[in-house]
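Student: Spelled out from the first residue to the last, the chains are:
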Amino acid sequence: MNITKGALLRLLALLAVFGLVAAACGGSSDAADDTAVDDTAADDGAEDTAAEDTAVDDTAADDTATDDEAAAEDDAAMEEDEAMADAGPIKMAIVAPSAQDDLAFTQSMIDSIAASDAEIELSISDGLFVVEDAAAAIRGYAEDGQEVIIVHGTQFGASLIEIAPDFPETTFVWGTASDTQGLDNVFAYYPTAEEGGYVNGVMAAMLSSSGTIGVVGPVEAGDAVAYINGFVEGAEATSDVTVAVTYTGSFSDVALAAEAAQAHLTNGVDILTGTSQSVVGAVGVATENDVPWFGTQANQTPLSPGLVVASQVYHWEFVLDEILALRASGVLGGEIFEINLANGGLVIEFNDGYALPDDVRAAGEAAIAAIADGSIDPVG
Amino acid sequence: MGSFFTSAVLVATIASGLRLAIPYLLAGLGETVGQRSGVLNLGVDGVMQLSAFFAYWTVLETGSLWLGVGAGLAVGTVMGLVYGVITVTLGATQGISGIGIFLFGLGFSDLIFRRRVGTPKPIKQLPEVEVPLLSDIPWVGEALFRQTLFGYLAFASVPVVALMLKHTTFGMNIRAVGENPQAADSLGISVGRTRYLAILIGNVMAGLAGTALVLELGIFQQNLTQGLGFIAVALVYFGAWRAPGVMVGALLYGLVNATVLQWKAQGIIPREASDLASMAPAVLTILALVVLAGRVSPPAALTRPFSRH
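Which chain is which? The protein sequence lines are R and S, in order. Those letters in the first sequence? Residues 1 to 380, by my numbering. Those letters in the second sequence? Residues 1 to 309, by my numbering.
Take these hints with a grain of salt, some might be off.
[Stated by the list, open to error] Here are some chain S residues pointing at chain R (derived, C-beta under 10 Å):
#, residue
1, Asn257
2, Gln266
3, Met279
Think of the hints as simulated: they come from the structure by calculation, not from any bench. Every value quoted in this text rests on a predicted model; they were computed, and no experiment measured them. Ideal Cβ positions, reconstructed from N, Cα and C, are used throughout, including at glycine.
Pulled out of the complex, with its shape left as it was, chain R reads as follows:
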C-alpha cells in the first residue's frame, strides 16, 4: 500500500491532537468532580421540614399567616418536595459568561446549585462571553429537553426574549435581572449587591489610614455598579474618605484590572476592593503591596488568605429551591427573586486569617443588622 508523505503527516497530526486531548482528559481530577454537580442530597431535601422551606420566603404574607394556614402550607410544601423527589432528578443547565471556578459571578451560582436541596442533573456551558454563543447554547439545551435553564448573565436577556417563547414548557431562570420581560416561563433574580457593598465600605473606611480607597470595577452595569455604589455610600457615611472608582471596561481583562489597582496605589490608596472575575489580577497587586482587599460575589479569601478582610457571598440556593418548588406546583415563571442580607441570600463572610480589629468587625456587623432591619438604606 502506498502512503504519501502528506497523508502520513496528516495522520500523525491527527494522532497528536487526539493524544493531547486524551492526556488532558485522563486521570482523576478533583476540580472536575467538583464542577460536575449531580446533587444527590435530594432525599435530604425531600425529608426537610416544610418550616425550613418557608423560613427563607421573605414575603410578608408568611409572617401573618395563621397556624392553620401555616400547617396547610407545610403539608403542601411537603407534598411538593415528595413529588419532586418521586419525579427523579431535575434536568438543569446553566449558561454563564465566565469560568465556573472564577471565584466570582459564575462560581457563586455553581456553588449554590451544589448547595441546593434538590436532586439536580446539571449541564454546564461556561466561558460564553460571546452572546451569540450563549444564545446557541440556551436554544440547544431547550431543544435537548432541559427542564430548567439558568441564563446567568444580564447580557443574555435579548437572546432569552427570542428563545423562551419557543419552549413554553421549559423554565428559564435569568439574572441578574429585575424583570421577566413579561414571559410566563421566565423567572428573574438579582442581588441587592449594594448592601454588602455598604458593609464593606463601612469597614474599609475604618481601616484606611490614608483616607483614600480604590475600587476596580468592570463595566458600569448590573450588580457591579450596585456593589460599587453601595461601597462608596458606606465608606463616605463612615468617615471623611475619598473613594476612587475605576471601571476598566472589561469583565475579564485580568491584566487591565491589575494595572488599575496599581494606578490606585500610586495615588495613595491603602484599601482596595473590586468586582467581576477580572479582579484576580487586582488581588495579586494588593497582595504584592500588602494592601487589604474586600471581595464580593464569592469568597475570595483563597486568592490572598492574609489580606482578604471579608467577602460578600451570593447564596442563590435560596432562589433555586423556591423556583424548583414553584415549577413542581405548575408555575413555570413570571416571578422575580431578590437575594439580600435580610433573607440570607447575601452573606458577609469574614476571613479569620485577617486580624480585623474588634471595633471594625462590630461596625460591620452593626451595618448588616441595620440594613437587614431597614434602618439603613445602602444607596442613601
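Put chain S on the given structure of chain R with help from the hints.
Tutor: The following block gives chain S in isolation, referenced to the frame of chain R:
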C-alpha cells in the same frame, strides 16, 4: 485626588505602560520575523494562552519560576513546529490555520486548567530587577530600569531582531523567501527550512509573551490574554514589518492604556466617559493603520505557500 503631572504619578504611569507593552512587544517582534518570511500566524494569541497556562501550572506545581519559563518556551517551540508542519510542509491556508491554532490554544488551555487546577490559585510573581546605578537616575531610572527580566529581554530584542533581519545572512534569507520565494529557491535558499526557523522564532517569542504575562500577574484565568495576540499581529502592520515600528506601536498601546487607567483613578475622566476612554488605544491603532495605509507594503509573498510546482 492628586495631580497627574507629578513626578511620582508620571513615573508610575510610564512604568505601568512599559509593563503593559511587554507582551505586545515580544509577540509582535516574533510575528514580525514570521511575516517577513511570508508566514502569517493568526494563532499568536492561542500560543500565548497555552504558554501562559503551562508556565503557570509548572510554577504552581514546582514553585520554580525558571521551570515555568522553560515550560512556556517549550510550548512555544512545540506550537512552532506544529504550525510549521501545517503551513510549510502541508501548505495549508495560513489565515484559517492560524485561527485554528488560536481556538485550539484558547480551548485546550481552558480545558487543562479546569481539569488540573480548577479555581484560580496565586503563584509567586517575577521579581523586578534593578540595574545598579541606572535605576537611581531620577524619573527615568525608576520607570525604565526596574523591570522584570522579561522587560529587559523585550526591549533588548528590538535591536537584535532589527539587526538580524537587516544585516545577517539568515535575516536576508528570511526577507528573500518573504518577498520572492521562487527567486530565493533558485538561488539555493531553502524556503521551507527558512520559514520553519522564522515560524519557530515567532512562536517561541509568543510563548515568552504569554509566560511574561502570567508571571507578571501571578495567576491564570480562562482567556487570560483577552485577544492580546491579535493586537500584536495588528502592531506588526502598524510597525510596517520593522522591529522599531512594532516597539513604537506596543509602547503607544501600553502607555495610552496606562494613562487612561491613571486618569480614571484620579477622576480626570468622568465615569460617564469611562467606556469611551477604554477604546482609546484601539482607536489610535486603527487611526495609525489608516494613515499608514498605502505608504508601506507587506512582504510580497505574505500568506502564500511555497511550491516549486
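Student: If you check each hint against the structure, which ones fail?
Tutor: none
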